[in-house]
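J.: So the protein sequences, as listed, match chains A and B.
The opening position of the first sequence corresponds to residue 24 in this note's numbering, with each subsequent residue numbered one higher.
The opening position of the second sequence corresponds to residue 25 in this note's numbering, with each subsequent residue numbered one higher.
Bear in mind the hints are in silico, worked out from the structure with no lab data behind them.
Please read all numbers here as calculations on a predicted model, not as lab measurements.
Heads up, the beta-carbon is just placed ideally off N, CA and C, and yes, glycines get one too.
Heads up, some of the hints might be wrong.
[Claimed, not checked] Computed Cβ-Cβ distance ranges for the label pairs, DEER-style:
1) B:G57 x A:C303: 20 to 26 angstroms
2) B:E43 x A:K255: 36 to 42 angstroms
3) B:L80 x A:S300: 49 to 55 angstroms
4) A:T127 x B:F121: 28 to 34 angstroms
[As the list claims (entries may be wrong)] Here are the simulated SDA-like cross-link-like pairs (lysine to any residue), alpha carbons at most 25 angstroms apart as the crow flies:
5) A:K80 x B:S41
6) A:K157 x B:S152
7) B:K48 x A:E256
8) B:K201 x A:K157
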Amino acid sequence: MGIIKAFKLGFDYLKYDEDGNVQDTQRAVNDVNLDIEAGEFVAILGHNGSGKSTLAKHLNALLLPTEGTLWIDDTVTSQEPELWKLRQKAGMVFQNPDNQIIGTVVEEDVGFGPENMGVPTEKIWKRVDESLQKTGMTAYRHHSPNKLSGGQKQRVAIAGVMAMRPKCIVLDEPTAMLDPNGRREVLEAVKELNRQESVTVILITHYMEEVIHADRVYVMDGGSIVMEGTPKEIFSKVDTLKHYRLDVPQVTLLAHELRKSGVDIPEGILTTEELVSALCQ
Amino acid sequence: MSIELKNVMYTYSPGTSYEIHALKDIDLNIPDGQFIGVIGHTGSGKSTLIQHLNALIRPTSGTILYNGEDIWADKYDRKTLRSEVGLVFQYPEHQLFESDVLSDVCFGPMNQGKTREEAEAEARKALSQVGFKEKNYGKSPFELSGGQKKRVAIAGVLAMNPKILILDEPTAGLDPKGRDDILDQIAELHAARGITIILVSHSMEDIAKYVERLIVMNHGETVFDDTPKAVFSHYKELETMGLAAPQITYIMHALKEHGLDVDADATTVEEAKRSILAVLNENKSALLKAEGGCLDD
């Protein structure tokens, strides 16, 4: 069984009136089945309001399902009394770097997680050293997080999660607020962790280019999973993606347009190299 | 309605050890009706620059002229300036505060001295221009999605009938369709109302698609100020500034290196498509099966 598994997962947001009675329910996640293997790099796409973030919050038990079951590393989240144990297995990084950094010095921020878990001091420092090194932030360990760029702050946030030695890391639009350089830095750090440390990665993003190296892509709409496949399979369906308010990488779109105009090239071209070899034979 | 900046400098925390020169000797002329993009890495001075344009920040030295008048002269009416130069911040949720959408959008025009009825008329016009549905007018801003909040924030500024609209990263965190919708509507406003648009963005693809003039900020200086095509042809230099060209530009350069004689300066999918098809056609390549009609759209 995979490290994260969902069976018929459903979640309702409840709206209460002034007396505390349930006034309204809104289904945010509906009948979702997932099976994510340890070490996989999985991407989740979907428009604003499609249920991605609600689903993501189930993956480290910030939310518990209204119906269905979610397993994190063989534990059913709704039956685990000590949820913090699950959150050490599946760490989470959010969109806005300024909302998730609490330390006044980078290395203290990274050490916050393991310290909270009761890791002995000397081991904390070892973990801090390792995490900073893995995210390429060692040179900034004595800096104030306030003075870092957006991409550097997100790498500190990722280092903070890594210091808890999770098996799985969930990133909810980690690059939405970053400049091109910041986006590249964060994505490289995440790919490295996946490759070198075999950490399972679940990446939620609106940038289609960030998805092309994923092992598998899920597309969400209306709280349900509507497409699943490799990046090539998913991005071959340009028109279906547009229907779900999504996009494809520019190179894929260009290839698709050329194909529509009669140029004999395959669908689902994901990189510049593929397009060059298809056109310059 | 031009804005002119002459030798504008701005220093944060002058005289302390945290002193930072956020703007260095900026000379800029923003005439009527342009659609301008501003790019630069985090901390390059973009936000400091745009806050100067409606007098939220006073320059440490230098002059800012609006229609030829110094906006920091004694008795200059900066309140009017701020309603003519509208600014939409990066986090729209931070600038919504009323209990329902319509009242929120009415706040600006009422502040300008309009009655509630007049303000509502402006608000309805502005909300429909940004594509916000009437059935949601009564909702609390907190019930809205990110894209809807951004639309309401933009409408709140539009309702004041600005002559110049400045948007700081209006599409961060939006899905691709929401991003295209908002930018299309901004482009339409530009065309319909003829207002000047200044768009700050981290998306080179959006910049290439919409703006006619592109200003690049680096370390508090304007390093490029030209058409997007001309600016993006310096993509190697842009990379050293933490920026990039649109993906299309890289694709076209790669094709050219591999012997396909395409226009390497193309910056949008549409331009690239046209250039590649033209070259393939010219080469009478066997690859091209379609008829000439496909070149027209």
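J.: Now look at each hint and say whether the structure bears it out.
T.: Hint check results:
no., hint, result
1, B:G57 x A:C303: 20 to 26 angstroms, "violated (42 angstroms)"
2, B:E43 x A:K255: 36 to 42 angstroms, "violated (52 angstroms)"
3, B:L80 x A:S300: 49 to 55 angstroms, "holds (51 angstroms)"
4, A:T127 x B:F121: 28 to 34 angstroms, "holds (31 angstroms)"
5, A:K80 x B:S41, "violated (42 angstroms)"
6, A:K157 x B:S152, "violated (49 angstroms)"
7, B:K48 x A:E256, "violated (50 angstroms)"
8, B:K201 x A:K157, "violated (35 angstroms)"
In terms of the numbered hints stated before, the structure departs from hints 1, 2, 5, 6, 7 and 8, listed from lowest to highest.
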